Every structure is written in structure tokens, then in C-alpha cells.
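*Asks:* When we follow the numbering used here, the leftmost residue of the sequence shown carries the number 9, and every step to the right adds one.
Per label pair, the in silico range of CB-to-CB distance:
hint: 1; residue 1: Ile59; residue 2: Arg37; range: 21 to 27 Å
hint: 2; residue 1: Met227; residue 2: Leu77; range: 35 to 41 Å
hint: 3; residue 1: Ser31; residue 2: Leu80; range: 30 to 36 Å
By construction, these hints were calculated from the structure, which means they are not laboratory data.
Computed from a predicted structure; not experimentally measured.
All C-beta atoms, glycine included, are put in the ideal place defined by N, C-alpha and C.
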Amino acid sequence: MAKQKKRTFAVPAILAAGSLWGSMGLFVRVYNARGLQSMDVVAIRAIATVIAMFAFMIFFRRELLRIRLRDLWCFLGTGIGSIVFFNYCYFKTISLTSMSVAAVLLYTAPAIVMVLSRILFGERFTVRKVTALVMTFVGCIFVTGIIGDAVSLNAAGILTGLGSGLGYALYSIFSRYAIDRGYHSLTISFYTFLVAAVTTLPFINGAGIWSVTVSSGGMIAFFLVFGVISTVLPYTLYNYGLNTMENGRASIIASVEPLVATLLGIVIFHEKMSLGGVAGMALILGALVLCNTKPAEK
9 MAKQKKRTFA
19 VPAILAAGSL
29 WGSMGLFVRV
39 YNARGLQSMD
49 VVAIRAIATV
59 IAMFAFMIFF
69 RRELLRIRLR
79 DLWCFLGTGI
89 GSIVFFNYCY
99 FKTISLTSMS
109 VAAVLLYTAP
119 AIVMVLSRIL
129 FGERFTVRKV
139 TALVMTFVGC
149 IFVTGIIGDA
159 VSLNAAGILT
169 GLGSGLGYAL
179 YSIFSRYAID
189 RGYHSLTISF
199 YTFLVAAVTT
209 LPFINGAGIW
219 SVTVSSGGMI
229 AFFLVFGVIS
239 TVLPYTLYNY
249 GLNTMENGRA
259 SIIASVEPLV
269 ATLLGIVIFH
279 EKMSLGGVAG
289 MALILGALVL
299 CNTKPAEK
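Could you build the full structure based on these sequences and the hints that come with them?
*Replies:* Spelled out as C-alpha cells, the structure:
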């Protein structure tokens, strides 16, 4: 019964995770406007997440703080191999090419997840999953507006862009290993971002981050909300969904992220939506429907 209940809520959990990730740009814009750089924002996100989760777990779920040293590699993989590596490659790609090219290359991640999951976990390729994957990728191309734009492509930018897709994909892979070893989604999220926070410390403007964070009571609250909304909730929900869902399917469903980010840009920042963008959203939504209609596997 408990397993069936988890299956029932797996898809909504993954959709919610992708939607919350799609809201991250709202927070990033605020910090960028206050002079903080991309890696500073990565560190803020990781530190805020660790503080919020530790406060909750120490009072309510202290037992979830325990891990076995022999399993530490799982959290090094999610923290360094995924979070830090992914963010570095993604921001580097933006500097070498453009935001639209970086976003499209990032969304090679579902394909990478499917290939790695086939090799490592024996997950099957199906016509349904591959079709949804192609629809998602083409939809992302249209949503980002890369078609028709004069974009600058170079070997270094393509390489780092594919690296960001690999880093993004590695979270699903290492999380699966941690889940198979019996770890709770809160434990995985906490140690992932603890590792990420420690790893980013040598590369950030600590004084600048501190100055912005404590500049007002509102910014302190904003700091904590950023951690909860952009990280604690979505990663916990994503890990919850992975308990009863294949990695490949979960990564496709989570691709609702660029759709949500685009819609928020239109509603909040009055960004324009092209006909291609509408077509892209339709393709992504179609892929989500395809992933979640019966029969689930053929």
C-alpha cells in the first residue's frame, strides 16, 4: 500500500520539483542586481539549503543525519560531480556562447540520464520514452528562441555545454545509488549541498555575500526562502519521485523547468513570447503527457 501511494505521488512530485527549479531565476536576478556573481549565487543556494535543512533535521529528524562512511562517495558525486560541476560548466557556456545555446545544451541531460541508466541500472529504452525525449529537446530549442538567432558556436562552448548536461544528469545517477542504499530524500539533499557548499568556498566573494545577506531583515529572510524554494523542496520532491520511477522518465518530466521559467519571465518581467516559444511549450507539454499515459511502457 505504501509503495502504491508513492507511485501515485511520484509524477506530481517530479513536476513540482521541475516547476520550483524553474522559479530559480527570480532569486538569481535579485542577487545579480546586488553585484553578486554566478558562483556566489551557487554558494548562497548551497549554504542556505544546508542551514535550513540542518535546523529542521536536528529538531525533527535527527536520525536522518547519520550516514555510513563507505557511502560517502554517493554524496561526493551529487555534490561535486553534479551540483558544482554542472553550475561551473553551465555558467562557463553562457560566457562562451549565449544563454539560449547554454540552455539547449543543458537539456541534453535527459538523453545522458537514459544512456547511463541503461548501462548502470538496466533501464529499458522504449519508443515512448525516446519519442518524449526528442519532443522535450526540440521543445527546449523553440522555448529558448535559439532558432533564428545569430548565435556564436565554438568548440569550447559546446564542450562545456555538454559538460553541464552531464553534470545535471549525474544527480539522478548518484541519487539512485544513494536511494538503493536506503537513504531518505532529506539525507541525500542535505549532504549533497553540504559537499557543494564546502567545495565552492575557495571560489566566492565571501565578504560580498555576507554584506548582501545581512543588509536587512528582508534579505536574511530572502536568503532562507531561496534555499527552501530553489533547493530543499525541489530536490526532496525529486528524490521522493525517484523512489518509484525510472531515472530516464523522471528527467524528462522534470524538463517542465524551462517552460515554467519562460512563463514566469512573461508574467513577472513582461518578456515577449514568440510563436516558436508557444510551439516549444506545446511540445514539452506533449512529452509530459506521453510520459504519463497508459501504457507506461511498451
